[in-house]
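Novice: Given the coordinates of chain A, work out where chain B should sit on it, guided by the hints.
Letter by letter, the chains look like this.
2 protein chains.
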Amino acid sequence: MPVQAASRVAALKNIATRLRIDSVRSTSEAGSGHPSSCASAAELVAALFFSEMRYDPRDPKNPDNDRFVLSKGHAAPILYAAWAEAGIITRDETLNLRKFDSDLEGHPTPRLPWVDVATGSLGQGLCAAVGIALNARRIGSEYRTYVLMGDGETAEGSVWESAHAAPHHKLDNLVAITDVNALGQAGPTQWQHDMEAYAVKWRAFDWHTIVIDGHDMAAILAALDEAHRTKGRPTMILAKTIKGKNIPFIEGKNGWHGKPLKKGEEMQRALDELEKQFVPEDEPVATPELPRSSARKDPSGPISLDPPSYKLGDTVATREAYGDALAKLGAKDIRVVALDADVKNSTFSDKFEQRVGERFYENYIAEQVMIGAAMGLAARGAIPFPSTFAAFLTRAYDFIRMAAISNLNIKMAGSHAGVSIGEDGPSQMALEDLAMMRAQPNIAVLYPCDAVSTERLIAKMANHKGPMYMRTSRPKTPVIYGPNETFEVGGLKVLRESGNDVATVIGAGITVFEALKAHDDLKAKGTAIRVIDLYSLQPIDAATLLRCAKETNGRLITVEDHYASGGIGDAVASAVASAGFTVKRLAVRDIPRSGKPEELVDHYGISARHIVNAVRA
Amino acid sequence: MPVQAASRVAALKNIATRLRIDSVRSTSEAGSGHPSSCASAAELVAALFFSEMRYDPRDPKNPDNDRFVLSKGHAAPILYAAWAEAGIITRDETLNLRKFDSDLEGHPTPRLPWVDVATGSLGQGLCAAVGIALNARRIGSEYRTYVLMGDGETAEGSVWESAHAAPHHKLDNLVAITDVNALGQAGPTQWQHDMEAYAVKWRAFDWHTIVIDGHDMAAILAALDEAHRTKGRPTMILAKTIKGKNIPFIEGKNGWHGKPLKKGEEMQRALDELEKQFVPEDEPVATPELPRSSARKDPSGPISLDPPSYKLGDTVATREAYGDALAKLGAKDIRVVALDADVKNSTFSDKFEQRVGERFYENYIAEQVMIGAAMGLAARGAIPFPSTFAAFLTRAYDFIRMAAISNLNIKMAGSHAGVSIGEDGPSQMALEDLAMMRAQPNIAVLYPCDAVSTERLIAKMANHKGPMYMRTSRPKTPVIYGPNETFEVGGLKVLRESGNDVATVIGAGITVFEALKAHDDLKAKGTAIRVIDLYSLQPIDAATLLRCAKETNGRLITVEDHYASGGIGDAVASAVASAGFTVKRLAVRDIPRSGKPEELVDHYGISARHIVNAVRA
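Top line first, the protein sequences correspond to chains A and B.
Numbering of the first sequence is given in the working numbering, commencing with residue 5 and proceeding in unit increments.
Numbering of the second sequence is given in the working numbering, commencing with residue 5 and proceeding in unit increments.
In isolation and in its complexed conformation, chain A is listed as follows:
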């Protein structure tokens, strides 16, 4: 331990005591919360915020500030207490914990400027931290990333995805600390206080691993110092702690998870005990050390691409157009990064890798850390495009949910949508991805049908703030838009229109071509229909849909390579309901099976033939 740090031990101990006091007070005032989970982490948080981390408490936006992720988000009160101690908020403000009009929520969210990613769904913090640490490399900053995890959450598989990813990326700017207090919500944690059971696993995953007493301030400082000296791989500090530490009547006791001390006598008893624990200080703790300015400044403003080079009638899969567009974007702007989960040659994100390999992150078959790392990257200014088969994004739905809560600027893409993938069968077919994404109110959902609209919309995604999703298809489809056609998030294209259309057929992706075929078949027999390419499902152009409904006898027919719930049918129905219009939905209604794409598209009721029948019905 450096001499300077050693002289701070007493002062840091007193900070830990004040953090405990504030955590008890705020949770008692709120009448809910997790004081016992705060108490186990008090020395760790004190050491991080007042000895280890470099940050400017007056400038949360400083790109070189060290980053802290509270993966055990239920310990939020001690994070808020640390901010109060640092002068970021007032001590009085901490008493607004969990109130409706305060941003000091039960679990931290990026509504608070010092929070990068919302936590509270356990096992996500380390995944995000991988992305935050990768971003330091991207912008050339010396900032370091610290994560505080609970021991219970290390049962989550996502933790082991990041356990693999961080050493793979050689992230020696990443330090994780596990607060091993041995008690979960419902009882003892999986390995309790068997520190060796933790250590052997982290070492096996190639982390520099240090086991300490998490209440021994000198040991904490020494471990953090050792982490600084560790090159080429991340450090895991396994801190043996006691839940409820230093509040004697709850210390190490089961049954005190998520339970505040009752305001009044019970709280006062705890505070009296804590007040007794202050020690004389040799040297007052200075304000946190400021970061060194070293980051390369990210460009600001929109990224523009030249018009696509596809020609009308070319046949190109939208997944391939995605890869091409992504590579172009990446070459234009250092904010753009791409993440893969061992399918880059199917999603065509390998085109990005070939062009800008230094901003391409391979996650192997691990979708949770792919999305989690994208969340961390987005939180620090990158524009990440994680992509895999759309079906496998379901693996990361909890991360996507939390990315929505955080309103992060991530740009997800899922390929191989629907039964039109063919022979591989249902395990590889995404038929619920639109439902899953649309359920989140702030995720924009795009679903282009051709290469031009794909490329144009990828550029829009890069420039549109907030979480977004693009669905792409496996089969090749003809280019139907000219290179100067424009596309908007929230737009659609009316592809066929006449004064005597008897119905409006609304498709997206591969069903646009089924609708066009139905149009031609019907036209040959004297019936006119309107055809819409609904390339933006959320937001949705309700005004144009309503106009078309009115102009085509109120007859709207949707057709989608997706299950019947939550996709195009529901999106359109919801958009036109207020005007009293309803929708006839053609969608996949059974669990599908293997077969040829065209065979499946027809069998599951979404081919041109079925559209023709629906128009005639």
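You may find that some hints are simply not true.
Identical copies go unnamed one by one, so any copy, or any two together, can satisfy a pair.
[As the list claims (entries may be wrong)] Here are the simulated lysine-lysine pairs, DSSO-like style, with alpha carbons at most 30 Å apart:
{"no.": "1", "residue 1": "Lys-315", "residue 2": "Lys-521"}
{"no.": "2", "residue 1": "Lys-497", "residue 2": "Lys-588"}
{"no.": "3", "residue 1": "Lys-280", "residue 2": "Lys-263"}
{"no.": "4", "residue 1": "Lys-174", "residue 2": "Lys-257"}
{"no.": "5", "residue 1": "Lys-103", "residue 2": "Lys-527"}
In short, the hints are calculated from the structure, not lab data.
Note that this is a predicted model, so its numbers are computed, not measured.
Specialist: Just chain B, lined up with the frame of chain A:
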């Protein structure tokens, strides 16, 4: 190696050659598929099916058959080839691989009687195998469970959830084999052929771990024998293999993932090479050894519960009624099992644990293995009820998707739905669970509002075949149904009805009580409304909804503690669309925040006040 097995080596080698030949033939015929991934596993599969496993090839239903899970589902052709070798199907049938009218799909599904769970989404097989192995204990069978995994899929976090769960449950009847062929889809796998990188991890997770050459038949047999002798923990056999083994021109080459040999010259070249590899046999392989009958026979037929003991006006949270009902069910029938992810004292599944602890499986904070193990248990005749906070079921959405594809009899329950949980904030609030579950066409979705309907519906869940989901709430709600009231999957209750209702208000869960309050408020001012408790969202009672729509001026108002997409509003809208009715939806439309439950219910627009306004609009 036992003498008997040793004498079989030559014969087993020849079986491996035949399995390679069949895998090449079937994929070439299909024009797609993964012959190279089959070739690496040929000796492993031959040893398992023709020396190690006990099963009756004529009786897939035998409860004592050893079980095999092909976690690397893309190697399906070699599984089908093994069945052909065992006489379960004909060799000619294997040539129907991936055809629409054959059940020999691109990845195996339980349409095939020898398949327990659909695979093809990597990283799931071992989780299911944990459940299958637990089931052997439940029914007192000596059957053993074998899983064949790929090396690429061990990057999935779910694998490490099961890596922890299996030794935790001391499953020495479980043997996993990793086919370490070092090549994934897009390139080398994460640890390639560094066998020690794998071994150190599995040992750290407390598996008996054996490293072998996966093409050395004697070594395979010896490892399987060692697994038999290993007590108290599962065995992991790490088999170093070559992708495309024994087809010299593709052996160990990148770029041959998921690529068949071209029918004609290319295929013939491979077959010629393989044909040369047959060796003289000392002793022909006998038919597989038959299982010993040892299983306790599961009861058949429905489970009935006595009427609930709640009294009208009692206030009981539906999550607590869930726990009570589950405990009653468990005491009645040994098929019923419960699984938790460290929240048993919040979901009240601890009531089950207290009553039937031997059929309660704690998974710690690991939702994927909780659902995966439930899938395995369901596949073998158990009626599993996995439960956690509904928000955290999003963590297992890919498993839920695959459970739907498998049409497994799992009974999921999610508590703490919606903004009505209050102060904990959005990370703990499920607001997309109904959308996520309803998207799957064969998952039944229930959402009771009081204790009586919860208990009645839990009994229905146990007796209704197929995947199901129940959503429960955190707050206490009054009991509104008498003990003899009956509830059906696909039913609803009209709670308030008069001849002059101006609108029908449809709620479920906590919003039923907001609707009842709105009813009373409006009634006091002379306006009558109809109120429906839509406790079954999928299937849905469209007939009654249509009748009510007709009787109440076509005015349907839904109100739900869920985001606007995919929940009650969309379910009702879809059910009544064909008759031209539309729905006014009250739902949560923004990312919520912490606050008091009643404060949030009102702020997000789903309280009685908002219903009254909607009725008056």
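Novice: Compare the structure with each hint and give your call.
Specialist: Hint check results:
| no. | hint | verdict |
| --- | --- | --- |
| 1 | Lys-315 with Lys-521 | within (20 Å within a copy, 61 Å between copies) |
| 2 | Lys-497 with Lys-588 | both (20 Å within a copy, 27 Å between copies) |
| 3 | Lys-280 with Lys-263 | within (23 Å within a copy, 71 Å between copies) |
| 4 | Lys-174 with Lys-257 | between (39 Å within a copy, 27 Å between copies) |
| 5 | Lys-103 with Lys-527 | neither (61 Å within a copy, 34 Å between copies) |
The structure fails to meet hint 5 from the earlier list, while all remaining hints are met.
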